[in-house]
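Both chains are sitting in their own frames, so use the hints and assemble them into the complex.
Chains A and B, in that order, are what the protein sequence lines are. Under the numbering used here, the residue at position 37 of the first sequence is numbered 37, and the numbers go up by one with no gaps. Under the numbering used here, the residue at position 89 of the second sequence is numbered 89, and the numbers go up by one with no gaps.
Please keep in mind that the hints were generated in silico from the structure rather than gathered at the bench. As the structure is a computational prediction, the values presented were derived from the model and not from experiment.
With a Cα cut of at most 30 angstroms, we get these calculated DSSO-like pairs of lysine-lysine:
| id | chain 1 | residue 1 | chain 2 | residue 2 |
| --- | --- | --- | --- | --- |
| 1 | A | Lys68 | B | Lys98 |
| 2 | B | Lys98 | A | Lys96 |
| 3 | A | Lys49 | A | Lys68 |
| 4 | A | Lys49 | B | Lys98 |
| 5 | B | Lys57 | A | Lys96 |
| 6 | A | Lys113 | A | Lys61 |
| 7 | A | Lys113 | A | Lys49 |
| 8 | B | Lys70 | B | Lys11 |
| 9 | B | Lys57 | B | Lys98 |
| 10 | B | Lys70 | A | Lys96 |
| 11 | A | Lys61 | B | Lys98 |
| 12 | B | Lys11 | B | Lys53 |
| 13 | B | Lys57 | A | Lys49 |
| 14 | B | Lys98 | B | Lys70 |
| 15 | B | Lys11 | B | Lys98 |
| 16 | A | Lys61 | A | Lys96 |
| 17 | B | Lys53 | B | Lys70 |
| 18 | B | Lys53 | A | Lys96 |
| 19 | B | Lys11 | B | Lys57 |
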Amino acid sequence: AQSVTQPDIHITVSEGASLELRCNYSYGATPYLFWYVQSPGQGLQLLLKYFSGDTLVQGIKGFEAEFKRSQSSFNLRKPSVHWSDAAEYFCAVGAKEYGNKLVFGAGTILRVKS
Amino acid sequence: DAGITQSPRHKVTETGTPVTLRCHQTENHRYMYWYRQDPGHGLRLIHYSYGVKDTDKGEVSDGYSVSRSKTEDFLLTLESATSSQTSVYFCAISGGEKLFFGSGTQLSVL
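So here's chain B without its partners, still in its complex pose (with noise of 0.2 angstroms):
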C-alpha cells in the first residue's frame, strides 16, 4: 500500500471552531488531492497541490483552505466549520496517472 497517513481519524467539532486535518506521504509523490466523500455524491474533489506551495481548487472549495509547506504534507482547514461540512475526508497521492487513497477521516460538525 501507498505510504499516506490521515490525521485525526475520527473529530467531533462544534460549529465555528476551525478544524485541520492532515495528510502525509511518504512517497515523495508530487501531486495531493482533497476530497469528501458524502452519500449519493461519490468523492468530491475540494483542493488538490501539484507542488510544494502550488495548490489549485477544487468543484467544493468553499469553505475550505489546504497548505502544502513540505512535499510530505497537505493539510486541509476548514476556517469556521458547519454541519454541511459533516463527512468522510479522504486524502489520495499520485506520481502519474494512478491516485492512491488514504484511510480516511470521519468529520462530524455538531
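Only chain A is shown next, with the shape it has when bound in the complex (with noise of 0.2 angstroms):
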C-alpha cells in the first residue's frame, strides 16, 4: 500500500535559522513527489514537486527538496526561516498508474519563534 510519513508532528525554529522537514515515502510505482503547505483556515498551496530528472528541486518562497531514491525520501529545506513560515507542511505522493490521486503525510507544524 502506499503510505507517506512525516515522523514529526511540530518541529520548532528560531526565525533565521534553517529547516529541514522530513517525508519518507513507500510507493509501488515511480513516484511524483509534492510538498504542500497550509496557513490557519486556508487551503493548500503547492510549494514544489518533483516528477523526474534532478534530485534537488526549487520552489517557492525560498523551499528546496531532495529526493533521494535509496532512502525513500524527500525532505524539505530552508536555508533561513522566516516567521511568515509558521504553517502546516504536507509531504504527498502520487503517479501517473494511480490516476494521479496523491497520498499525504500527516504534516508537520512549523512554530517559528523569534
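Encoded structure:
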C-alpha cells in the first residue's frame, strides 16, 4: 500500500535558522512527490514538486527539496526561516499509474520563534 | 490561482440529515477529487472522478457518495451525516500531475 510518513508532528525553529522537514514514502510505482503548505484556515498551496530528472528541486518562497530514491525520502529544506513560514506542511506522493491520486502525510506544524 | 469554488464554506447540521457539498471548477480539468482533513491524519481521499459520470472510491469512502454530471461540478453527498464526518472537506482538481485545492468546507455534524 502507498504511504507517506512525516515523522515530526511539530517543529519549532528560531527565525533565521535553517529548516529541514522530513518525508519518507512507500510506493509501488515511480512516484511524483510534492510539498504543500497550509496556513490556518486556508487551502493548500503547492510549494514544489518532483517528477523526474534533477533530484534537487527548487520551489517558491525559498524552499527546496531533495529526492533520494535509495532512502525513499523527499525532505524539504530552507536555509533561513522567516516568521511568515509558520504553517503546516504536507508531503504527498502520487503516480500516473494510480490515476494521479495523491497520498498525503499527516503533516508537520512549523512554529517560528523570534 | 486555479478556478475552484467550494460551497458552502461552512455548514452545521444534525446527525442523520443528508448533506451535499459542491465543488465547481472553471479550468475544464478532467480529474476532480474530494479529500477530508482531520488532525493527525493529513488529507485522506474520499472519492475522485476522472471524467463526467466516471467516479471511483478513495480510502475513506464509506458513508459518502459523489456525482459528476458536468465537467465543472463534482458533488459530495453524505447520505446520513454522523458526528465522525465532522471535518474539513477539500476539493481538488488536476489536469495532469499537480493538484490544485479549493478553500475548503468546514462541516460540523452535531
